[in-house]
Structures are given as structure tokens and as C-alpha cells.
Amino acid sequence: MRLHYPLMRLHYSMFGALLLAACFGSSPLPDGGADAAYGRSPDLAPLCRGDNDGQIARSEIAFPLGLRVNYLVNPPGTTVPVHPDGTPRPGGPEWDLTSTAGEVRALAIEPLAGQWFEAKFPGATYATVTDLGSGTLGVFRVTDDALWLLGFVSRDPDRTLLIYEQPVATLRFPVRLGDGWVTGSRITKGTLDGAPFASTDTYRISVDARGTAVLPFLSFTNTLRVHVELTQAVFGGASVSRVQQLLFHECHGELGRMVSSPGDTDPSFTTAAEFRRLAL
Amino acid sequence: MRLHQAAIALAAALWMAAPASADDAPDEQPLTVTPAAWRELRLTLDGYLRVRGEVWNNLDLSRGPTPSTGEPLFPVAAGGGNEHTLTAADMRVRLEPTLSVGQAVRLHLRVDLLDNVGWGSTPDVLPSNSFALATRSAESPEGGFNAAHDAVRVKRAWGEVVLPFGVLSAGRMGAQVSWGTGFFVNNGDCLACDSGDSGDRVALTVPLLGHLVTALYELSASGPYASPPPGQGGQNIDLERRAHVDSFALAVARYDSPEAQRRRLRAGRTLVQYGLLASYRMQELDAPAWTQPGGLGRPYGAKDFVRRGLSSYAVDLWVLVHHKGFRAELEAATVIGKIEDATDVAGVSLRQRITSAQFGGVASLAYAFGFPLRLRLEVGCASGDDAPGFGARVAPGQLTAQKGDLDGPQLRPPTDTTLDNFRFHPDYRIDLILWRRIVGQVTDAVYVKPSLRAGPFGSPHHNVTLDLSLIDSHALFAATPPGQDQALGVELDLAARYRYEPAFEVSVGWGLLFPGAGFRNLDLRLDAKPAQALEVVLMYRI
Chain S
445 MRLHYPLMRL HYSMFGALLL AACFGSSPLP DGGADAAYGR SPDLAPLCRG
495 DNDGQIARSE IAFPLGLRVN YLVNPPGTTV PVHPDGTPRP GGPEWDLTST
545 AGEVRALAIE PLAGQWFEAK FPGATYATVT DLGSGTLGVF RVTDDALWLL
595 GFVSRDPDRT LLIYEQPVAT LRFPVRLGDG WVTGSRITKG TLDGAPFAST
645 DTYRISVDAR GTAVLPFLSF TNTLRVHVEL TQAVFGGASV SRVQQLLFHE
695 CHGELGRMVS SPGDTDPSFT TAAEFRRLAL
Chain E
120 MRLHQAAIAL AAALWMAAPA SADDAPDEQP LTVTPAAWRE LRLTLDGYLR
170 VRGEVWNNLD LSRGPTPSTG EPLFPVAAGG GNEHTLTAAD MRVRLEPTLS
220 VGQAVRLHLR VDLLDNVGWG STPDVLPSNS FALATRSAES PEGGFNAAHD
270 AVRVKRAWGE VVLPFGVLSA GRMGAQVSWG TGFFVNNGDC LACDSGDSGD
320 RVALTVPLLG HLVTALYELS ASGPYASPPP GQGGQNIDLE RRAHVDSFAL
370 AVARYDSPEA QRRRLRAGRT LVQYGLLASY RMQELDAPAW TQPGGLGRPY
420 GAKDFVRRGL SSYAVDLWVL VHHKGFRAEL EAATVIGKIE DATDVAGVSL
470 RQRITSAQFG GVASLAYAFG FPLRLRLEVG CASGDDAPGF GARVAPGQLT
520 AQKGDLDGPQ LRPPTDTTLD NFRFHPDYRI DLILWRRIVG QVTDAVYVKP
570 SLRAGPFGSP HHNVTLDLSL IDSHALFAAT PPGQDQALGV ELDLAARYRY
620 EPAFEVSVGW GLLFPGAGFR NLDLRLDAKP AQALEVVLMY RI
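Note that the protein sequences, when read in sequence, are chains S and E. Take any residue in the first sequence, note its place counting from 1, add 444, and you have its number in our numbering. Take any residue in the second sequence, note its place counting from 1, add 119, and you have its number in our numbering.
Careful: at least some of the hints might be erroneous.
[Claimed, not checked] As a list, the in silico EDC-like pairs of lysine to aspartate or glutamate whose alpha-carbon atoms are at most 20 Å apart:
id, chain 1, residue 1, chain 2, residue 2
1, E, K422, S, D602
2, E, K274, E, D463
3, E, K422, E, D375
4, S, K633, S, D602
5, E, K274, E, D243
6, E, K422, S, D495
7, E, K274, E, D209
8, E, K422, S, E538
9, E, K274, E, D316
[What the hints assert, rightly or not] Label pairs and their in silico Cβ distance ranges:
id, chain 1, residue 1, chain 2, residue 2, range
10, E, Q411, S, D529, 54 to 62 Å
11, S, D652, E, A514, 39 to 47 Å
12, S, G622, E, A597, 50 to 58 Å
13, S, G622, E, I356, 52 to 60 Å
14, S, D623, E, A334, 33 to 41 Å
15, S, S503, E, L252, 25 to 33 Å
16, E, Q411, S, D623, 27 to 35 Å
17, S, S705, E, P418, 43 to 51 Å
18, S, L509, E, E202, 34 to 42 Å
19, E, I356, S, E609, 43 to 51 Å
20, S, A563, E, N355, 54 to 62 Å
21, S, D602, E, A597, 53 to 61 Å
22, E, C309, S, P508, 31 to 39 Å
23, E, G420, S, D529, 23 to 31 Å
[As the list claims (entries may be wrong)] Covered stretches of chain S, going by a simulated chain E footprint (3 or more residues, C-beta under 8 Å):
id, region
24, 552-559
25, 691-697
To be clear, the hints were calculated from the coordinates, so they are not data collected in a lab. These figures come from a predicted structure and were not determined experimentally. Think of the CB as a built atom: it goes at the ideal place given N, C-alpha and C, for glycine as much as any other residue.
The following block holds chain S by itself, in its conformation from the complex (with noise of 0.2 Å):
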């Protein structure tokens, strides 16, 4: 149990908030239908133009620190029902993201300097919260052929600091339907809120489905979705593994997410502890 606490923190924490783009805006829309409903500062311009090809190239993925986006997400703690297998249709499965319940939880590329754990990471591009629960943020890299996690940080100095000894290539680009890798990496000498922490975790990652996600008032075609097996062993032998199942656009980045339970480990779960979606 002692054992489970950490890991369960853990597992929140992985594989988060990877990308961070969007072509509509950075704030929630007013509620509400009419004209008069403005008042806000003005949307973004594009970041980038996709080519719709059912590839994301590098160059189709940015990563502009200070933005910050809305995701729709369940409280923490909280379970919904989810299918992330979608509707079967002519183009492929189709992802129903249209549900507009939950809270609106704002994320932000971050960069790293001033921060204190700016020299624990040479090299690092940005930072952002991957555990929407403690705040914990997760430290990555940007290079042409990949997006790699270094590690996971408190925003409270030394609470925690979690660094692999190995880069994580969480993505690799172009990101295309079929391609798949199995990756990980040792944390020794982790401090987990304020914690002596150690684990060796293995990703098993594939680009399985492309298909299209319907938001409230988009939909996406030519959506891929990745799929994260996570599988976490902790000093002693005691593991976990769960599944992340995140979709992605060109230059839109992640619309949304389906987290399993830990322990559930069947890729058409229907329980997800974290469903995650932009508040478009």
C-alpha cells in the first residue's frame, strides 16, 4: 500500500500534457448565444498550417512558450465512463469528445528559466503540469525527430524531482498511423514529495487508429490516436501498468485523453480516471 500511493501519484503524472498547440484560442468561450457576448481579449492566430494528411510532421506541432490552453477534465478522484475504441465509420473511428462536462483546467507550455529546477535539466524546451491533481510538471525536450520526457518536478522546490537517466521519446515525428516503440528509463535517486523514490519504467507506444474527434463545435478529421502502455516497477518488484489513450491533430496537439484505472490494462477500457478534452 505504501508502495501503491506513489505509484498511483505516478502514474498521474506520466505521458502528460504532451503537446500543447492550438489554432483556437487560449480561453474558454462565454457561455451563452448571443453576439454580445464579447468583451475578451482576441483569439490566437494559427500557429501553424497543417497539410491534413494524416502525418504530423515536426513542423506541424509548436510549442510556444506562455501559451496556455483549456481542457475540459474530470474532478480528480473521479471516474467516467469512456470508449476509446469511438464509432466505427467509412473514414474510421470516430471519437466523441462533445461532452462538456467537468472543470475547465487551463495548462500552459512553460519555460524553464527562473525556475528551480532549471539547472536539473540542461537542455530542456518547456515545462508543463502533467498531474492536474498535485500540479506535479513534467520536463521535456524538443528535437526534429522527437518530443522526449526528462522528468517530472514539483512546483515547490525539492518537494519532488524525478529525472531519467535516459530520455523518453514520447513522440516521435513525423507521427504516422502504424508506427510503434517500446522505450524506458530508470529514475534513481528521485525525491517524490519529499520522498526517496526509484522505478524503472517501460512505454509501449504505437500509433494505432486515425480517425476523426467531434469536439462541441469541431470535429477533427484525420485525428491519430496514440496509445501508452505505461508499465512502472518500483524497487521490491512491485509494478503497475495502465493505458493512456491521447489523441492528436496537426497543430491543434492533444485534443483529448482517456486514462485508465491503474491496473486495467485493456486498451478498449471503459472507465477512464482522467478524461480530458479542449474546452472548445
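Starting from the known structure of chain S, fit chain E onto it as the hints suggest.
Just chain E, lined up with the frame of chain S:
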């Protein structure tokens, strides 16, 4: 009427010519089937040279920037300082040759030379590392080198043939006539016009029961096309027929030529002109990238198209009654349309339909006294949209509008999916400052314009005309103007024109705008201050 007469004359000529070809005999000299006169070429030339200069003072109204763009309402001196006076001078040569082949066939061209080229905008030091002061000569404009456009711009080219049943026209043409008041359809023929409508069309006009009936098809936009390889002539191939923006129109009008109208009025008869115009525009698919930078030379496939689903209907009704000194005119138009998917990104669809319901109208009453004085009252209205800004000239990259903006998109899906502001044609000018310069065109407003014209004084060959007008403008929605108030202001315009017939005129116009609370800067708590404009136009007519 002129078309009608020409059609009848041609029909008679064809009827008489037909037996000649059937009556040939081998031992006789063959008759000339086509009368020589039918092959006569006649070239006529219309057009003008326009030179104009303007001085604008405080057209930014000294009320600070708007929030979305951070820019003032009108440009201010780029060099900084509290300088609010700007100038402009430009010129244009318009050539409109018509080549008539006999009596039935005509080829028309509209070619603009140095089209609105600013004076001093293409010195020979541009581009170079020399100082501007080192210039010795003005160079010809070359698009992409020292100017936005080349020195020669062919704007229209079309042909028409008078057939026994009507006139068939095809090519890139403008409106066949200056329809109505010009606030909805405007062919850009006026001497002060800057744009005008053009389209690639085929039109058939048939005289029927004293009316002209015109059916028209226009390929308004072809969508992506494939060009022949360099060095190989040939046709472009439209890559997706369903991406065409197709327009169809039907017009019925009782319309006399200006000469016929003058004759009728001189005879003391009542002149009644009217017309009804209906059009339909549609597009099934669209490739958004085609109209975006880099969109012309690239390949296209299914992934580049979106299901646009445009359908739009327009109706315009125009009536003019002129009897002796009394003249009344009314025109009203509406545009009703929808766009199923208004996305500009292939692969991302907007799930809500965009709808549009726009209305506009102009009514005027005028009375010309026996002495050279005419009083006129004009009222105009253009429907609005309660989104902030006028929606007339949206800055590039501005995706939404907020309170305090002068302009901006009138859409903001998903909460705002209506586009209801009617925009008058930009060549329909009612003033010198507010609508012409600051907003750009009449939209989202109602205005009242009493005016007085004195003249012409002098002889038919040398005469002077004086005009005085007052324009009181109000927004339809208080949410539209930057100051969130319907009062837009009152403008006083004076003009004097000297005309030397047949080929020259000079006009001087001066305007003074007292802006209303609609231009107040609420954030900075600044009231808008008056603006002035002075315009001088020299016109050498062909």
C-alpha cells in the same frame, strides 16, 4: 432601349440577306453574302486621366488606439510626434477601347495604366541603398519589385454580339449598366470610383415587352486549377468542379440609355425606370489553402477540400421616377445565405452553420428649381450585426473583435454564427471622411443626407457647380462603434466643380466631421475630435 433597337435592326438585316445566298448561279459572279459594311472595323476610345491629391487632418480623431489592433482609427504620421496630418496624391489612366466589327459585334477592354499609383512611390532609387533624395526619375511600377502592381492592369475584356433575339455577352465584364443607385451593384464607372464589380460571365439580354431581361452566369471563383507546363500553351484545368463558386442572376429592368432619359425629360414627360434583380450563389466544396499564401502553385488532393455548402440569395429592387424638377428614387436589397462549414483549415470542420440575413436600402427625393438650384434628401440604411466593429475592413490576422474596435470579424463561433451586416458598395460614396475614409463603406448604420446643389453657372462649355451636403450618421447597434454609442457624427461637405466641356474638369472638396460619442475611447476616456479632409481632382476625359 438602344439594345432593343439594335436587335430589331439586326433582325431585319438578316432577313433581307438570307435570299441572296440561296440565289447563286454557276455562271454568275457570286454575291457577297456578307455586306461589306458588316465587316467594317471601328475603334472608339473612352477613358480618362485622373490626378488627385488629398490632405487629411486628424482622421484618427485623436482618440487613441483600438484594443485588438493597437492602431488608431486612421493612420497617423509614422515619424511620431503629435502629428495628425497626412497627404496622398495619385493618378490613373483608364483606357476603354471598343472595337466594333460591323454593327453587331463589339469587343470591349478596360485597361488601367498607373492604376492609383501614388505620386513619388516609384523613384529610381527604389529598391537600392541610395537615399531617397538622390532620385532623378520616376520608374515604371513593377509588381513585386518596386510596387504592388504592374503599370498596366487589364481589368475587363469582353465581347458582345447583337443577335436577332438579344445581345449575347461573354468575358470578364462589369455590370452591364450602373444598376440603380449603385449601392449594391456598381460597375465602377464613376470618375471617383476606385474598384467596381467585375466577373467572368456569360450573359444574354433580351428585349421583351419594353423591358430588358438579362440572364447571367458567372464563374466567380474556379478553385484550384492546374496550369500547363511552362513553355506549353493551353488551358488551365479546374481540378474540382464542385469547388466552383457559381453565380446565377436574372434581371428584369426598364432601363433607358442616358441619352433617351434626357430626351424624355426634355420633352416634359415622366421618366419611370425600375428593375428587379435576383441572384443565387453556391459552392459545394472548397480548398481553403487555394486562397492562402502559397496556394497557387501547389498540388491538391482530397485532403485539401472541405465541404463548404454555400448558398446565398440576393434580391434587389429599384424604382426611379423623374418628372420635371421632381425626382424620387428607391432601391432596396437583401442577401440571405448560409455556409455549412466556415472553416479555413482542411481537416477541421466547424459544426455549426453560419447564417446571414442582410438588408440595405437607399431612398432619395430631389427637386430642381427653375433657377440653378436643387435640393435633395437621401436616407440610407444598412443592416448591422451586434458584434463589435463595423466588419468593413478587417485587419489581416484579426480573428475576433472586441468592444472598442473600429472593425473586426462579425463572427465568433460558436457563440456568434450570424453575419448580418449589409455593406454598401465601396464605390457608393456619400461623404469624404466618415464612411469613405474611416470606416471604408456604409454598413451597420442609418444616415440622413440633405444636400443642396447650385449650378451649373456659366455656359454649357464652361461652368461651375457648387454642392453642399450634411450627413448625419447613426449606428444601428450601440455595440458596433468603438464608443459603444449609436451617434457616429455629423459631416459637412462642400464641393466646387469647374467643367470645361468636353474633356476636362477640376473639383475641389472639403469635409469637416464632428464625430459623435460612438467614437469615444472608453478605455482612455478620450473624446473624439473633429477631422477635416481636402480633396482636389483633375480629370482629363477622353
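### Message
Tell me if the straight-line CA distance from K274 of chain E to D209 of chain E falls inside 20 Å.
### Response
Distance ~19 Å between K274 of chain E and D209 of chain E Cα, so the pair holds.
### Query
Given the hinted pair K422 of chain E and D495 of chain S, is their alpha-carbon gap at most 20 Å?
8 Å, holds
### Message
Run the distance test for K274 of chain E versus D463 of chain E: straight-line Cα separation, threshold 20 Å.
### Response
28 Å, violated
### Task
Take the C-beta atom of D602 of chain S and the C-beta atom of A597 of chain E, compute their distance, and say whether it sits inside 53 to 61 Å.
56 Å, holds
### Query
Is 33 to 41 Å right for how far apart the beta carbons of D623 of chain S and A334 of chain E are?
Hint violated: Cβ distance 57 Å, outside 33 to 41 Å.
### Query
Cβ-Cβ distance between Q411 of chain E and D529 of chain S: within 54 to 62 Å?
35 Å, violated
### Query
Given the hint that K274 of chain E pairs with D316 of chain E, does the C-alpha gap stay at or below 20 Å?
10 Å, holds
### Query
Holds or violated: K422 of chain E with D375 of chain E, Cα cutoff 20 Å?
Measuring from Cα to Cα gives roughly 51 Å; hence the hint is violated.
#### Entry: Supplied distance hint 25 to 33 Å, evaluated on CB atoms of S503 of chain S and L252 of chain E
Hint violated: Cβ distance 44 Å, outside 25 to 33 Å.
### Message
Check the hint pairing K274 of chain E with D243 of chain E against an upper bound of 20 Å on the C-alpha distance.
### Response
Violated - the C-alpha atoms of D243 of chain E and K274 of chain E are around 27 Å apart, more than 20 Å.
### Query
Cβ-Cβ distance between G622 of chain S and I356 of chain E: within 52 to 60 Å?
Roughly 34 Å apart at Cβ, these two residues miss the hinted range, so it is violated.
### Query
Given a hinted range of 34 to 42 Å, is it respected by the beta-carbon distance of L509 of chain S and E202 of chain E?
38 Å, holds
Taken one by one, the earlier hints fail for this structure at numbers 1, 2, 3, 5, 10, 13, 14, 15, 19, 22, 24, listed in ascending order.
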